[in-house]
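Assemble the whole structure, with the sequences as input and the hints as a guide.
Listed below, chain by chain, are the residues.
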Amino acid sequence: MSEMTLAEQQHDRPPLDISVRTATGSGRTLLAAFDDALLSAGVANFNLIALSSVIPPGSSIREGVTEPLAGEHGDRLYCVMSVGYADHPGEIVSAGLGWATDATSGGLFVEHSGGSEQSVTEQIHLSLEDMSRNRGGGYTNIQHAVANAHCDDKPVCALAIAAYQVVPWGGDV
Amino acid sequence: MSEMTLAEQQHDRPPLDISVRTATGSGRTLLAAFDDALLSAGVANFNLIALSSVIPPGSSIREGVTEPLAGEHGDRLYCVMSVGYADHPGEIVSAGLGWATDATSGGLFVEHSGGSEQSVTEQIHLSLEDMSRNRGGGYTNIQHAVANAHCDDKPVCALAIAAYQVVPWGGDV
Amino acid sequence: MSEMTLAEQQHDRPPLDISVRTATGSGRTLLAAFDDALLSAGVANFNLIALSSVIPPGSSIREGVTEPLAGEHGDRLYCVMSVGYADHPGEIVSAGLGWATDATSGGLFVEHSGGSEQSVTEQIHLSLEDMSRNRGGGYTNIQHAVANAHCDDKPVCALAIAAYQVVPWGGDV
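Protein chains in written order, with the numbering used here: chain W, 122 to 294; chain B, 122 to 294; chain U, 122 to 294.
Keep in mind that a hint or two might mislead.
Pairs involving identical chains hold if they fit within one copy or between any two copies, as the list cannot separate such chains.
[Said to hold, decoys possible] List of simulated lysine to aspartate or glutamate pairs, EDC-like, C-alpha gap at most 20 Å:
1) K275 x D223
2) K275 x E243
3) K275 x E184
4) K275 x E188
5) K275 x E250
6) K275 x D138
7) K275 x E193
Simulated from the structure, these hints should not be mistaken for laboratory data.
Below you can see the structure in the form of structure tokens.
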């Protein structure tokens with residue numbers, strides 16, 4: 122890409138509008154609980170492709186989004202996702218995303234899940250602090266979003282998802 | 122996409138021809154057993170990218186397909202996949218896909234695996250019934266395809282895969 | 122694709138330059154250890170999309186690469202990956218890739234991880250031998266690259282990764 126001007130790069134790489142969504146769901150199977158959480162998060166009708174979790178420079182990150190993501194039924198959705206399940210009555214599960222951005226170089230997401238919100242939040246901070254230090258610092262403003270689900274009788278799912286981009290079928294062939 | 126005419130959308134998004142394939146395989150490692158099942162299913166020479174499992178509207182779904190999928194060695198294949206392994210002599214494993222389609226909005230796949238075909242089929246129905254109800258009904262005609270493998274001595278793999286689309290390298294850069 | 126000339130195919134499908142990288146990492150969480158290994162391997166700032174592991178014909182495979190892979194922070198990276206973790210003091214983990222190529226039809230990668238390099242290497246050979254035999258032989262020249270990590274106190278990660286192709290955002294929409 123080195124022969125491209127910055128303007129051409131900007132044209133080719135529009136900033137991503139990343140929406141961070143948290144939700145819980147329940148169902149008679151773990152899969153149905155996951156789907157129920159995806160519905161509440163507004164992303165149930167996409168084909169999810171999970172990414173490991175880097176934020177391109179210039180991306181906007183909107184938190185607490187719940188409205189259905191625009192796109193056609195069955196389109197692919199690139200996303201970063203944290204999922205946890207609980208299927209014993211009384212069991213609690215938490216799933217969270219953490220993120221930190223740098224003014225110029227973009228940012229980083231981390232995914233953690235576990236038995237309590239406190240544990241998940243602590244792991245998010247430990248991971249991002251280590252990852253920032255290994256890059257020379259700079260990723261200092263750590264934020265997080267965690268979903269907590271409690272199993273009464275049916276399996277439950279806790280979900281935190283960052284929706285990057287919807288890609289329709291046919292565009293890449 | 123709202124400014125596109127329906128005809129333009131149709132042009133951009135040709136209906137997918139989804140083939141559902143089931144197979145079993147065996148090998149000296151779990152990975153070799155998986156590869157053997159992929160060979161029997163006609164999709165061993167692709168780079169699989171797993172989708173979570175929504176059927177675009179207008180897609181055709183052909184069941185029981187075994188002929189090798191068209192494409193070059195190493196192309197990417199977007200697919201929905203259910204895989205199970207058994208590596209103790211006498212152990213049985215089943216892996217299945219279920220699906221239901223709605224006349225207008227497309228459909229849904231679910232993936233389940235377990236120790237018996239009956240259990241897998243039951244989970245498929247439970248998941249799809251819950252997922253349909255949460256969408257207001259409409260996904261009523263549930264179908265499924267299940268592979269069953271029995272471990273004699275070497276590890277075995279049971280595979281059910283829905284092949285969505287082959288994408289050659291270079292097309293998306 | 123049968124109506125295309127070979128030259129057209131070559132134009133559409135430039136050979137992939139696949140770099141095989143091994144590294145280890147440590148951190149206060151498994152995720153931080155994984156990220157640390159990705160940094161050492163030169164691929165930490167990409168969004169990884171894991172492939173199951175076929176080598177297109179004509180690809181070059183460069184081993185022992187450590188320099189950072191070219192691309193923008195947050196671009197997608199298609200890759201084949203083997204990852205292992207150890208988080209008990211004294212525990213050892215090995216993660217490796219094996220590959221074999223055929224003169225005309227491309228090649229195959231396999232991923233294995235485990236408690237010793239010897240076990241990982243043996244599984245790599247067993248898998249590739251079975252996979253070659255099931256394809257009528259031809260994939261005979263087996264190579265491998267294995268990373269070994271030892272847990273002193275903090276969690277460690279062993280990583281072997283084959284980087285296929287970087288894809289910027291926006292190119293496929």
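Outcome of the hint check:
Taking the shortest alpha-carbon separations for K275 and D223, neither the intra-copy value of 41 Å nor the inter-copy value of 27 Å comes in at or below 20 Å. Proximity of K275 to E243 under the C-alpha cut-off of 20 Å is restricted to the inter-copy arrangement: shortest distance 16 Å between copies versus 28 Å within a copy. Neither within a single protomer nor between protomers do K275 and E184 lie at most 20 Å apart by alpha-carbon distance, with minima of 29 Å and 32 Å respectively. Taking identical chains as interchangeable, the C-alpha atoms of K275 and E188 are never at most 20 Å apart, the minima being 26 Å within one chain and 41 Å between chains.
For the homomeric pair K275 and E250, the shortest alpha-carbon distance between copies (15 Å) is at most 20 Å, but the shortest distance inside one copy (36 Å) is not. In this assembly of identical chains, K275 and D138 lie within 20 Å of each other by CA distance neither inside one copy nor across copies; the values are 35 Å within and 36 Å between. Taking the shortest alpha-carbon separations for K275 and E193, neither the intra-copy value of 30 Å nor the inter-copy value of 44 Å comes in at or below 20 Å.
When each numbered hint is compared with the structure, violations occur for hints 1, 3, 4, 6 and 7.
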